[in-house]
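All chains, full assembly: derive it from the sequences and hints.
For the protein sequence lines, the chains are G and Y, in the order given.
FYI, my numbering numbers position 40 of the first sequence as 40, with every residue one higher than the one before it.
FYI, my numbering numbers position 129 of the second sequence as 537, with every residue one higher than the one before it.
These are calculated hints, taken from the structure and not from any lab test.
Note that the structure is predicted; figures quoted are calculated from it, not measured.
We treat Cβ as the ideally placed atom computed from N, Cα and C, and that holds for glycine.
Do not take every clue at face value.
What the hints assert, rightly or not - A few chain Y residues facing chain G, derived, Cβ under 8 Å:
hint: 1; residue: Gly588
hint: 2; residue: Glu590
hint: 3; residue: Gly593
hint: 4; residue: Phe594
hint: 5; residue: Leu597
hint: 6; residue: Ser598
hint: 7; residue: Leu602
To be verified - Below, a list of computed lysine to any residue pairs in the SDA-like style, where the Cα atoms sit at most 20 Å apart:
hint: 8; chain 1: Y; residue 1: Lys581; chain 2: G; residue 2: Trp155
hint: 9; chain 1: G; residue 1: Lys128; chain 2: Y; residue 2: Asn616
hint: 10; chain 1: Y; residue 1: Lys448; chain 2: Y; residue 2: Arg613
hint: 11; chain 1: Y; residue 1: Lys581; chain 2: G; residue 2: Leu20
hint: 12; chain 1: Y; residue 1: Lys617; chain 2: G; residue 2: Phe125
hint: 13; chain 1: Y; residue 1: Lys581; chain 2: G; residue 2: Gly218
hint: 14; chain 1: Y; residue 1: Lys581; chain 2: G; residue 2: Ala216
hint: 15; chain 1: G; residue 1: Lys128; chain 2: G; residue 2: Ile167
hint: 16; chain 1: G; residue 1: Lys346; chain 2: G; residue 2: Gly307
hint: 17; chain 1: G; residue 1: Lys128; chain 2: Y; residue 2: Ile609
hint: 18; chain 1: Y; residue 1: Lys418; chain 2: Y; residue 2: Asn534
hint: 19; chain 1: Y; residue 1: Lys581; chain 2: G; residue 2: Ile167
hint: 20; chain 1: Y; residue 1: Lys581; chain 2: G; residue 2: Met214
hint: 21; chain 1: Y; residue 1: Lys535; chain 2: Y; residue 2: Gly525
hint: 22; chain 1: G; residue 1: Lys128; chain 2: Y; residue 2: Arg613
hint: 23; chain 1: G; residue 1: Lys128; chain 2: Y; residue 2: Ile608
hint: 24; chain 1: G; residue 1: Lys128; chain 2: G; residue 2: Thr196
hint: 25; chain 1: G; residue 1: Lys128; chain 2: Y; residue 2: Lys581
hint: 26; chain 1: Y; residue 1: Lys448; chain 2: Y; residue 2: Gly571
hint: 27; chain 1: Y; residue 1: Lys617; chain 2: G; residue 2: Ser130
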Amino acid sequence: MGLKQNLHNFKEKNKDKKWLPAFSAIHTFLFLPNETTHNGTHIKAADDLKRTMNTVIMAMVPCLIFGMFNAGYQHHLAFGEIQQATGGFLSAEFWTLDNFSVGFWKVIPLVVVSYVVGLAIEILFAIKNSHEVEEGYLVTGMLVPLIVPIDTPLWMLAVAVAFGVVIGKEVFGGTGMNILNPALTIRAFLFFAYPTWMSGDKVWVHGAVERDQMIAAGQNVDAISGETILGSLAQGKEVAYSVWDMFYGIIPGSVGETSTLLILLGGLFLIFAKIGSWRIMLSSVVGALIMGLIFNGLVSAEVISEGSKFYGLMSTEFWQHLLIGGFAFGTVFMATDPVTASQTNKGKLIYGFLIGFLSIMIRVFNPAYPEGVMLAILLMNVFAPTIDHYVVQGNVKKRMKRLKAKVA
Amino acid sequence: MGLISKKDAKLITDPLADNNPITIQVLGICSALAITAELKASIVMAVSVLFVLGIGNVVISLMRNIIPSKIRIIVQLVVVAALVIIVDQVLKAFAYELSKTLSVFVGLIITNCIIMGRFEAFALANKPWQSFLDGIGNAAGYGLILIIVGFFRELLGSGTLLGFKVLGDPIEKTGLYAIGYENNGFMLLSPMALIVVGIIIWIQRSRNKALIED
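Here you go:
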């Protein structure tokens, strides 16, 4: 009798125990359960919820690893310990073990806290309501560490995850019932609750906040500043990074969202695996480009003069908006969340377009925080069912007309 | 038999829990969201509504047989407006800073659904003593939620209670702040008040399943 049979017997024996859902959740990670359904017709397919989630996580792993290297690189660079990487994506200065180990020990705690707190709450609710643990948190748990600044205190992350999972998901009935994307709910909570840790020029480079506290304590050290590109543009400052740096992601920013190149690869992988919707991604990019063009047009028509506080962001080349900030990451990994996005094909196009369009608009006009993807996606999450409703009604109307024409 | 009979006592205790104006009837939400960022403002608001609703219910009840039903809403408005002006003037005279914090929300007690609701639903059909108890009970139920929400919002949002720094000083880094704790700015924003009220509703209904409506 092998391990598989043993585990199955164990499950049979403890059928009535309250903690069984927690065991099953871990069990089905490794093995296909033995039990079969007893009623109704079922479609047998390989891609259950767990496989789907795993595919998305695989698409994010390159971003995670890159994020670790980048965290270490930005840290060492800001502290003047290494030279600027000049060799593009494969720079020797970037891919060093030293960079990796600094980033690794900063990023892994974020990942662990995110998963432990989130899964603990999921299991708690599953046991309380005695249903199976749902796998919804697997992707959220990986998204969260990728979209926060590197030095986010772990307790803040834990509070935010608890809030996001309970208020963003469990109160609506758990996985598949949530209106808002849980990862973005967590990010939004952090942003509104602890704004000093989520914006400004100190939080994006590991060690910069600590340096500030040392200066405040009267020690004679240099302040470290690592402004994001959006931050510099919003203040009308020169951007110190080349377009290729932006594309490769060798820039300060949240942990995993800087590398447009790897996000693009992840996006293609999701489209290829038929998990992410290409309609949403494509229409979102189109929406962003159009909004960018409108702003560029306003600048070249001299409606916006150089003195305006919006000049920096509005005069940014329209296609560069795709490379900077969290736009690419949000579009590929969060706008495409199948639960909170529109369900109909036409609806997906409208939903994606508005996300792109509003992202760039909020990014330019938001005085407090020069990024808009988070708010744009959350807003469109709320409107997704409305979009679907009108798409379906439109279709019904069209077919009724056809029917009438046929009868007459 | 005491001063308050058993039936009358229910008039006070019901709105405190199982028939709470905010969490069950979902009335008076606007002011509950707007002014609960500080505990002090919540308490003053609760007391103001207690005064307006207690006296107002008695006045309406005394006049219930002489108010023509066609113009009863206007009569009610006059009564509540007169009482609110008294409250507003008292606040301006003795607690000017606080009246500035509460700003228009004192004036907006006039439009607080709880007050008109109690006038219509209770005072117009009951004797003054019962009306008084009903008014006090409903205002207390409203005030209770306001104070609970205000307590959590001020404690977690500013780290203070009634202005006292109970969690330590965030600038001097004493108390909890010494180990890296920070105030939750989200608590000071109105959306969070809605979530806190939602959590109270959640707890209340999971304790008493009879309250869950379909």
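Now the hints, each set against the structure:
1. Gly588: The hint holds - glycine 588 (chain Y) has a Cβ within 8 Å of chain G, the shortest such distance being about 6 Å.
2. Glu590: With a closest approach of 6 Å, the glutamate 590 (chain Y) hint holds.
3. Gly593: This hint holds: glycine 593 (chain Y) lies near chain G, its Cβ roughly 5 Å from the closest one there, short of 8 Å.
4. Phe594: Holds - the Cβ of phenylalanine 594 (chain Y) comes within 8 Å of chain G, reaching about 4 Å at its closest.
5. Leu597: Holds, about 6 Å.
6. Ser598: violated (11 Å)
7. Leu602: Cβ of leucine 602 (chain Y) sits 11 Å from chain G, so the hint is violated.
8. Y:Lys581 to G:Trp155: holds (17 Å)
9. G:Lys128 to Y:Asn616: holds (17 Å)
10. Y:Lys448 to Y:Arg613: Distance ~28 Å between lysine 448 (chain Y) and arginine 613 (chain Y) Cα, so the pair is violated.
11. Y:Lys581 to G:Leu20: The hint is violated at about 45 Å.
12. Y:Lys617 to G:Phe125: holds (18 Å)
13. Y:Lys581 to G:Gly218: Judged against 20 Å, a Cα distance of about 15 Å means the pair holds.
14. Y:Lys581 to G:Ala216: This hinted pair holds, its Cα atoms lying about 12 Å apart.
15. G:Lys128 to G:Ile167: holds (16 Å)
16. G:Lys346 to G:Gly307: Violated, at roughly 41 Å.
17. G:Lys128 to Y:Ile609: With Cα atoms ~19 Å apart, lysine 128 (chain G) and isoleucine 609 (chain Y) stay inside 20 Å; holds.
18. Y:Lys418 to Y:Asn534: The hint holds at about 15 Å.
19. Y:Lys581 to G:Ile167: Since the Cα atoms of lysine 581 (chain Y) and isoleucine 167 (chain G) sit roughly 31 Å apart, the hinted pair is violated (cutoff 20 Å).
20. Y:Lys581 to G:Met214: holds (14 Å)
21. Y:Lys535 to Y:Gly525: holds (17 Å)
22. G:Lys128 to Y:Arg613: holds (16 Å)
23. G:Lys128 to Y:Ile608: Given that 20 Å is the threshold and the Cα spacing comes to 19 Å, the pair holds.
24. G:Lys128 to G:Thr196: Violated, at roughly 36 Å.
25. G:Lys128 to Y:Lys581: With a Cα-Cα distance of about 40 Å, the restraint between lysine 128 (chain G) and lysine 581 (chain Y) is violated, given a limit of 20 Å.
26. Y:Lys448 to Y:Gly571: holds (8 Å)
27. Y:Lys617 to G:Ser130: Answer holds: lysine 617 (chain Y) to serine 130 (chain G) is near 18 Å, not above 20 Å.
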